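Enquirer: Sequence:
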Amino acid sequence: MSEHSTIEWTDATWNPVTGCTKVSPGCDHCYAERFTERFRGQGSFARVTRSEERLYQPLRWRRPRRVFVNSTSDLFHDDIPTAFIVRVFSVMARTPQHTYQLLTKRHGRMRALLASASFWTEVASVARLRSAPATRYLPNVWIGVSAEDQQRAELRIPALLETPAAVRFVSAEPLLGPVHLTVLRMRNGAHLDALAGDVIHPSTGEIYAAAPACLDWVIVGGESGPKARPMHPLWARDLRDQTTSRGRAFFFKQWGEWAPAQHSVKIDPEIIARYAAHRQDTTEIDAAKRASEAVGATHGYAVWAHRHGWEPHRYTHKPWSGERGHVDESTHASIRRWGKRRAGRELDGRTWDDMPASHLPSAARV
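According to UniProt numbering, the stretch in the sequence shown is residues 1 to 366, in order.
Just so you know, the hints here were simulated from the structure itself, not pulled from any lab data. All figures in this text were calculated on a predicted structure; none of them were measured in a lab. Heads up, the beta-carbon is just placed ideally off N, CA and C, and yes, glycines get one too. One or more of the hints may lead you astray.
Said to hold, decoys possible - Have a look at the derived ranges for each label pair, beta carbon to beta carbon:
| hint | residue 1 | residue 2 | range |
| --- | --- | --- | --- |
| 1 | Thr244 | Ala273 | 19 to 25 angstroms |
| 2 | His317 | Lys22 | 38 to 44 angstroms |
| 3 | Glu329 | Ala273 | 28 to 34 angstroms |
| 4 | Arg350 | Arg54 | 33 to 39 angstroms |
| 5 | Arg47 | His317 | 46 to 52 angstroms |
| 6 | His4 | Thr351 | 18 to 24 angstroms |
| 7 | Gly344 | Arg130 | 44 to 50 angstroms |
| 8 | Ile207 | Arg341 | 42 to 48 angstroms |
| 9 | Gly325 | Val295 | 15 to 21 angstroms |
| 10 | Lys266 | Trp61 | 51 to 57 angstroms |
To be verified - 27 angstroms max Cα-Cα, derived BS3-like pairs, lysine-lysine:
| hint | residue 1 | residue 2 |
| --- | --- | --- |
| 11 | Lys289 | Lys253 |
| 12 | Lys289 | Lys318 |
| 13 | Lys227 | Lys318 |
| 14 | Lys289 | Lys22 |
| 15 | Lys266 | Lys340 |
| 16 | Lys340 | Lys227 |
| 17 | Lys340 | Lys318 |
| 18 | Lys22 | Lys340 |
| 19 | Lys227 | Lys253 |
| 20 | Lys227 | Lys22 |
All chains, full assembly: derive it from the sequences and hints.
Expert: Written out as structure tokens, the structure reads:
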């Protein structure tokens, strides 16, 4: 629980629940699990624990802020009683000055509860509201799902679009493969453009129906931590282009541990010439080689790496070597393990920090 957060797209974190269990590949190297077990000594992360003390913390915050709900758990986890979820929503209802960002991988329970009239009646009762929200959503609560790959996007996003919400968003972090939000395959065979809210015939390409809603916000980020899997730059760029072309908000959170690096970093020809003339003194050229190796790529990464265990290919030759060949940038990226801080969060020379305009809904709220 923190009044201030280092997560780039929020201001504070609120954890009325801690602990979770893994449901998909994006959970494999969970940062919350590492943090909880390593630094707080709270035992097994798989044990879901509710905190009465933290539940009411937002009531004491006067300054409005964006609040990430349950950064160390999933509010719709099966081990969390519905009555407790009602109490969490009642706190959010009583603090309209804050904007809450609720992210889940449990799309089925999310949809079932938030579309239920009885759930909102209970929220109103616990929060002591005069009546249940007529819209079946709270205007200060954003609802999102995690989608680390195409399979999870097609599983979770349709449920999100059927869920009443002021703002709907997807977090593609860690991004573990290409994700096409404009072509989500539905169970009936149709294609869903989740950014435009269109249902498309797969053979003709014609729009023949409208989805209940569309996405307002897309977050993209690479994986961090000791076992991080690289994110291919083309996966991130493609999601950015999909999102911005539909006029939706795009937020690039981070590269993570791995990020692009210069494929070739040649040594100044004058240094080479001086070395050729005085081969007994290698000081200058050795320093130039070290400088090249400090910024040059160490690995190549194919755009289809997600099909083969996300393993980058280590380059045989150094970045200053004339024997390092060219790379096909349409399919391969040159990367190195910079570490999260050095990798930064610029994509194509700039940061992308767009936020959804929650007061200007992009689609029907169901």
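Enquirer: May I ask which of the numbered hints given earlier this structure violates, with the numbers listed in increasing order?
Expert: Hints 1, 11 and 14 contradicted; others consistent.
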